[in-house]
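One line per chain: the protein sequences are A and B, in this order.
Residues in the first sequence are numbered from 1 upward in steps of one, following our numbering.
Residues in the second sequence are numbered from 10001 upward in steps of one, following our numbering.
Quick caveat, the hints were computed from the structure, so don't treat them as lab data.
Treat the hints with caution; some may be incorrect.
What the hints assert, rightly or not - Just the calculated beta-carbon pair ranges, DEER-fashion: (1) B/Pro-10269 to A/Pro-712: 47 to 57 Å; (2) B/Pro-10369 to A/Ala-824: 22 to 32 Å; (3) A/His-834 to B/Pro-10369: 50 to 60 Å; (4) A/Lys-856 to B/Leu-10116: 50 to 60 Å; (5) B/Gln-10339 to A/Ser-1115: 53 to 63 Å; (6) A/Pro-712 to B/Asp-10286: 45 to 55 Å; (7) A/Ile-973 to B/Asp-10286: 44 to 54 Å; (8) A/Pro-712 to B/Ser-10127: 43 to 53 Å; (9) B/Pro-10269 to A/Thr-81: 54 to 64 Å; (10) A/Glu-937 to B/Leu-10116: 30 to 40 Å; (11) B/Lys-10130 to A/Asp-858: 50 to 60 Å; (12) B/Lys-10130 to A/Pro-715: 26 to 36 Å.
To be verified - Here are the simulated DSSO-like pairs of lysine-lysine, each with C-alpha atoms no more than 30 Å apart in a straight line: (13) A/Lys-823 to A/Lys-1315; (14) A/Lys-725 to B/Lys-10130; (15) A/Lys-1315 to A/Lys-957; (16) A/Lys-871 to A/Lys-801; (17) A/Lys-945 to B/Lys-10120; (18) A/Lys-984 to B/Lys-10178.
Unchecked claim - Non-contacting residues of chain A with respect to chain B, defined by C-beta distances greater than 10 Å in every case (computed): (19) Leu-130; (20) Asn-414; (21) Gly-563; (22) Val-564; (23) Asn-597; (24) Trp-641; (25) Lys-701; (26) Asp-721; (27) Val-1310.
In this text the structure is predicted, and so the values were computed from the model without any measurement.
Just so you know, even glycine gets a beta-carbon here, dropped at the ideal spot from N, CA and C.
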Amino acid sequence: METTLLSYSRQNLPRPARLYSTPSKRANAPALATATQPPSGYPPYMPTAQPTDASVNDMEGFLRRRTSYTMLPTPLPDDETNPLNDFYFTDSPTQDLLSVMDACLHNLYDVPRAKGIFERLRATDKGEVLLDSRVYNSFIEAFLEMALDKDSDQPAGWVEDAWKLFHELDGEQTNARPTANTYALMLLAWLRYNSESGLIKPLAFTDAHDPAALLRSMIDRQIPVTLVVSDRAFTSNDEASQAIQALSKAAVEMGLSKIVNELGMAESLGRQEADPLEDVPEAKPVLRRKKLENIQMTHAEDGRIVDIEVQGPIENDSYEIPFNLETLRKHLSQVVFARRVLAEDVAARQKLLEESVYDVAVERLKHQAELFDELGLSNKAMKSTDLRTWMWEWHQKLQIRLKAEIDHIVQEENRLGRKIESKSGEMKRSAGLSPFLSLLTPEKLSLIAIMELMHLQGTGGVADGMKTARALLAVGKAVELEHKAEMCKKSNLPIPTSSGRTSDHSFFTRLGYRDLQARRVAARKFMEDAEDWTTDWTQVVRVKVGSFLVDALMDVATVMRTGVDKRTGEAISEEQPAFFHSYEYLRGYKLGVIKLNPLISEKMAKESIRETLHPRHLPMLVKPKPWLSHDQGGYLYNKTWVMRFKESQEQQSYLRHASSLGNLELIYASLDVLGNTPWKINRRIFDIVLEVWNSGTRWCKIPPAAFDAPEPEKPENFDTDPRAKMIYLTRQKQYALGRANNHSDRCSVNYKIEIARAFLGDTIYFPHNVDFRGRAYPLPPHLSHIGDDLSRGLLMFGEAKPLGERGLRWLKIHLANLYGYDKANFDERVSFVHDHLDDIFDSADNPLEGKKWWTKADDPWQCLATCIELKAALQSPDPHTYECALPVHQDGTCNGLQHYAALGGDAQGARQVNLDVTDRPSDVYTFVAEMVEKAMEEDVKLDHKYAKMLTGKISRKVVKQTVMTTVYGVTFIGAREQIEKQLKDRGDIAAEECWLAASYVAKKVLLCIGDLFKGAKDIQTWLNSCARLIAKSIPPDRLDAATDVERTFGTGRKMVKSTEATRLKKEQMTSVVWTTPLGLPIVQPYRATRRKQIITSLQTVFISDPNSPTSVNASKQASAFPPNFIHSLDATHMMLTALECKTQGVTFASVHDSYWTHPSSIDQMSTIIRDTFIALHSSDVLGKLGDEFLQRYKGYKIPVSSLKNTSFIPGFGPTARRISGSKAKKQSASEVDLADEPADEVSEESKSVVRTGDADAQVLAALQSPVDVGEKKKRGRPSVTPAAAVMDENKFVDLTSFLPPLPQKGVFDVSTIKKSLYFFS
Amino acid sequence: MLNLRPSGYFKSTLRWSCRRTFTSQSRLPPLPPPSEWKDIFSSSTVSSRDRVSLRAPETAQLIAESFLSGASSANGEGKIVIEAFPGPGALSRALLELPASNIQKLIILEDHPDYLKYLKPLEAADSRVKVVPLSGFDWDTYSHIEEIGLLDDVKTVPWSSGLHPQLHFISHLQHTIKGEQLIAQLFRCIPDGTWLYKYGRVPMSFVLSDWVWERISAVPPNSNRCKLSVIAEATATCTLSLDPAKLLPYDDHFHPITTKYTAEKRPQPRRPGYPLVAMNLIPHDDQLITKGMLEKWDFCLRRLFVLKSTPLKKAISSLAPGAQTMLKMLTDSSLPDSQRVDIGKAPRHLTLADWALVIRAFDNWPFAPEDLMISDAFTRQNAVRVVL
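My request is simple: use the sequences and hints to build the entire structure.
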């Protein structure tokens, strides 16, 4: 076996993969391309004639298999605990302890205190589960560091502590087990204090293991010695080399030849030169690489090396290369991943970008300030003209101030002693902060505060400012992130890149899936081992740290402003604070805000604002780090979660758990696909945008530099007529609002231009993550393809591909679509473009001075980009070979309804949204508009005022938004608002009539949609009913507690004795959870809001504590479920498409239901879109959802009392069969019919299960009767019906038996979509 | 007819018939017996739920007298009265029952159909009455009565020539936030001489909840001191026209009666059952808030009362960036004592004179914000939007 190490490693892993490789992906590009080439003419769209792709079959198989559920216990009410829940959901006090411990360990800030907390945590069940190996390792490391550093005169105690911890780990007295890092640390300890050659003064420790004992333990745990000797614990080449020697010696003594060889290989790897061609200029002499032959490695499933065998001695070269740890690590990581590690130079800029963001910012600010000084512009008046100069000045002052303040806090805390965390409830404002503030240098803290505050301006709907609570949290969070980033890059280990498809398998086969998982787990372990342990901060810590910094900043940051004294007419200058704190009223609530001095906010819309941007706001220069775990992926060093959620611990826990179960491989893989799509800035468009921007005029959604709307005139009778005054003030307000919006638009365009400018000429990437429904979004918030028309116009794919005949045609169709001409069939759209070729060429040549045809397009900037591209293509020598990088879109036509129609097999609905075969695109909006007009005819006959007024005015546009949002559960109120806006915009209906008219139209529209999409309605109702029932249910293990009114809950001050009703309410903690076909668990976060008051020096802020769960908001859970479910499906469809595009080598990007690719790949992507949609909907999505509910909520009970006042649950009758209840025991045993009860149902519940026909009927009657009474009943007075009395006897019903039956499925066959031309178009 | 000895069973009926006798002596069309109001004037609809009206005729009589005759500072002859929110018209009737010379014209503003049924007939019975079916809450209503000539005989009297001899505004104040807004707006019309004040110093009278009265009349350091108290103090003299005890207990005098409905979300002072008082309001001859300064008063008062218990020296910074410089102007030692403000006081402890000085300093400060419309701070969500 002759092979170099590199190629060897690339092929080898994981081994079984090779054996089963199928030619599935062979069916791609070349063959397909020829198949789709139309012989002549232009058929509108050419479906592939080929049989379904093998990988599509795999996909269908995958979707039909039972999805792996991620199951967690339902959160407990806040006054209860149990070990299982503690394991999954950490509470805030514990989290606080963890973060203090983390901060105290950092840089050995206060190791004794950290140790104290550590011991306390270990003593409790709650804490113990949180302490993993990495925490133990951190402590061992800290102890050894203490011995070496802070306490070097008395090292014995610390080293002893380290050995003690090791023995506990090794003796399995803890949850955690030793890792490579642990062994490396202990080896170091031994080398330093025990070996004869003792690096430091030898100490005699009785319980120290010698290398032989350590080696034995390693072997027992199957931890490869190579990983130990290359561990990051070794910081010097010397120590690592000594460790290898010590281990080798032990191995020789123990006669372990394999280990000796393995160590020998490590040694020689470390002595190898790096590939000289990688980063050395050619002029340097090429050194010969040492040959490494006959190395056999065995890998574990997860990619670890479990065994290495070297046959024959390694020949020693004549020249000696010093042992180098870096080299060893680099080579090893290549071995571990079986792929090339990111080449250093490629990543250099991105690394620099992320690594030293604050340092770079400082440099830039400083440079600017110096520049002004040199130019003699440093007098006060001139200085105030530049944002950067100000920021530099603030930074100068702030870092000094912070240093002093932090010193002060440290002293205070020392004076107060160590009682701080024990009375965390009464923690004073800054007490306990010192460990956190010491994590970063004052210089960095200062810059973080400045940059964050500047960047936050205009958020939260506050003009020229931000909400205080949000600002404090954001600054605190930024400090936390920066600390973590520092930890991430501390060891400077190489970061794995996803090298695209490394396996020959389809993503969807079992093997392919396992392969993906194995690779990911290996890479994750590697990354985790490379980083120091850190933990999340609680909201309170974030707010406090944020408050400390913001308060100091607001105190020192000033600007110089000049004005005129009204009385004397003199010019005066005044030094004013740059930020100030104030209060605003929002819907009656007093809300604290931090506002910018008007002088600064003015500049934010004009000047360069690059300094306020952090790399986590920017696209990446290298392919994003692949998603390795829930919080590993995307940016290289900036921690990001793979899911965005707002304060929901439950979502976090599910995600973490699903990830560790390996349920998210395809989610990760598809996000990697999206992240790996290369982009670049469209230079032509950028230049034009810049020209417009600099001119300061309004142009196609670019707001003008100065707001250009006419200011309302003050009426003459302003002073005497309160009415005229009021009208004037309203208009004035409107005007001010317009101006504020203009300003914030201007700021947002400024960001886009700034970013585009920074990346001109680069290939850029957008790391993606998902929202809680699984929809993917790019992480950078300002400029991305998901942004507005301008952002999209500025972007194009990083690679160009030849158009081909079909591509050229699609480019034309794309142009027609962007212009708004998208209702016609494809041929007509092409002719539209041919008819406007003059306009198109003119737009491309003279965008700003010409006829400006493009500016009238629906999406002007993208239209312009397409005009330019089309012209270039048509004028090139051969348009078909023209290399085009412009993305072309295929959009779902009312995608939500498409999913509903497919779910329900609804033939009529399917036709309306183009699932069916038609020769023209059908437009559901037009159709509904026509239906409404028709319905109005009846009313016109009856002389209805609004029917008459609106006849002929119900256009597509009037109903569009309402139709679109019906699927997402728009209410009548919402619909009326949307329609009112549309009617107002028409301008031909008197303003005062709009509201009533809108009411009338909204009613009609909703009625028409109901008729048209009956299938959708039924499914919505079903989803809604299920969610409502689930949200009312109580997990089986809580039943006793929920009904035991005598029990008291909580402790001490909080102890409450509750009534049954309030207790039941408190126990309703069950949220709707389901799993998407790709395995992502989705948890609806809607719960009661409870906010906690935190006193800061600025103001008291109220923030919610995500770690303290509250009861669910049942109505929100129910109303949001249908739209969330549909979104989870469209997200799944998108991801399936992304994966399949990757398999077939098609470039892919998406904006939810708009899928993008190169023009030449449209035909291929169209086939994929249809195949994935069909595969998805052939997998009985609803049936599987129903099954999941039955499993997930097995044993959950609904209190009958909470069903009494509900008027939902249509059709629950037939399935509602079992009724159980604690009081039902009275029923004699003979009445208990267990005949067809599943056995476990009985054993699970000691209480008897009643099944008499009579009781059923009574309960059903009781459940239904209040529904009928509901309307008549006047408020408050509960009417006791006989039926209700019966129900009190039976307190609970089984959730699963009450779930309504699935709605009837219609006759529509989803595979018809294959032939549908306009499904996505 | 009163010779019959009533049995217990008839007692209540008889009492009503006595009342009826009382009203039937009047030439005015009668109101339904108070016991039936509950059913006739349903209080369940949103529009009427918030309205509290006088029900007992005797009480209405007392209040009418306290507004327009005898001890009232606004008494006089030949009055043109505009009455807003009369309800079914107990007070309107009482006003018409005053000596005929007292009132020359009564313009009634009411838009609630149930009440109009009992108001419209007054027009026929008394030629002095004009019923305008519009709400007293809308400025349009006043333009309208002017346009249709109802105020043609109102003279314009210069502010300095004393109280307006004819015009008088009377209203029940709605029991809601709207009522509080209305009276706040009316006070604010005084300094600039808008609304009815373009005719001169028009006195006003209100039946209003004790809660609003507490706020209007609060002086430092009363914890009810608020923006409304300061504006009221600056623009007019407000006095109770009647001993509040005469209007208690609430249920004997007003409609609707107290409810025990537990799911009530409104705060106590805004629910039916909260005590009411009667108040006369006489605008000051000398207005402290000069023309054009109202916006600045509004701005400073609103902003600073947000921090009503924070010492001025700290609270002032929330006015605008750099507003601390105003402190220098307020404490300038070259000024006489009377022109300095103790900046250690919290906004709620500041006297009217203190406020005048604060607003003067604000007016003189070159960097005072120009745009004083506070509610505009919130525009829309997030400048960085994500297209869904």
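Hints versus structure:
1. B/Pro-10269 to A/Pro-712: 47 to 57 Å: Between B/Pro-10269 and A/Pro-712, where Cβ atoms are some 37 Å apart, the hint is violated.
2. B/Pro-10369 to A/Ala-824: 22 to 32 Å: Given a distance of about 54 Å, which is not inside 22 to 32 Å, the answer is violated.
3. A/His-834 to B/Pro-10369: 50 to 60 Å: Roughly 57 Å apart at Cβ, these two residues keep to the hinted range, so it holds.
4. A/Lys-856 to B/Leu-10116: 50 to 60 Å: holds, 54 Å
5. B/Gln-10339 to A/Ser-1115: 53 to 63 Å: holds, 59 Å
6. A/Pro-712 to B/Asp-10286: 45 to 55 Å: violated, 33 Å
7. A/Ile-973 to B/Asp-10286: 44 to 54 Å: Because 51 Å falls inside the window, the suggested range holds.
8. A/Pro-712 to B/Ser-10127: 43 to 53 Å: Since the Cβ atoms of A/Pro-712 and B/Ser-10127 sit about 44 Å apart, the hinted range of 43 to 53 Å holds.
9. B/Pro-10269 to A/Thr-81: 54 to 64 Å: About 43 Å separates the Cβ atoms of B/Pro-10269 and A/Thr-81, which means 54 to 64 Å is violated.
10. A/Glu-937 to B/Leu-10116: 30 to 40 Å: holds, 37 Å
11. B/Lys-10130 to A/Asp-858: 50 to 60 Å: Holds, since B/Lys-10130 and A/Asp-858 (Cβ atoms, about 57 Å apart) stay within the stated range.
12. B/Lys-10130 to A/Pro-715: 26 to 36 Å: Hint holds: Cβ distance 28 Å, inside 26 to 36 Å.
13. A/Lys-823 to A/Lys-1315: Holds, because 19 Å separates the two Cα atoms, which is no more than 30 Å.
14. A/Lys-725 to B/Lys-10130: holds, 27 Å
15. A/Lys-1315 to A/Lys-957: OK: A/Lys-1315 and A/Lys-957 at ~29 Å, within 30 Å.
16. A/Lys-871 to A/Lys-801: Holds: A/Lys-871 and A/Lys-801 sit about 16 Å apart, inside 30 Å.
17. A/Lys-945 to B/Lys-10120: This hinted pair holds, its Cα atoms lying about 29 Å apart.
18. A/Lys-984 to B/Lys-10178: The hint holds at about 28 Å.
19. Leu-130: Per Cβ check, A/Leu-130 is outside 10 Å of chain B; nearest 34 Å; holds.
20. Asn-414: holds, 30 Å
21. Gly-563: violated, 4 Å
22. Val-564: violated, 6 Å
23. Asn-597: About 4 Å separates A/Asn-597 from the closest Cβ of chain B, which leaves it inside 10 Å; violated.
24. Trp-641: Label holds. Min Cβ-Cβ 17 Å, cutoff 10 Å.
25. Lys-701: holds, 13 Å
26. Asp-721: violated, 7 Å
27. Val-1310: holds, 26 Å
Checked against the numbered hints given earlier, the structure breaks hints 1, 2, 6, 9, 21, 22, 23 and 26 and satisfies all the rest.
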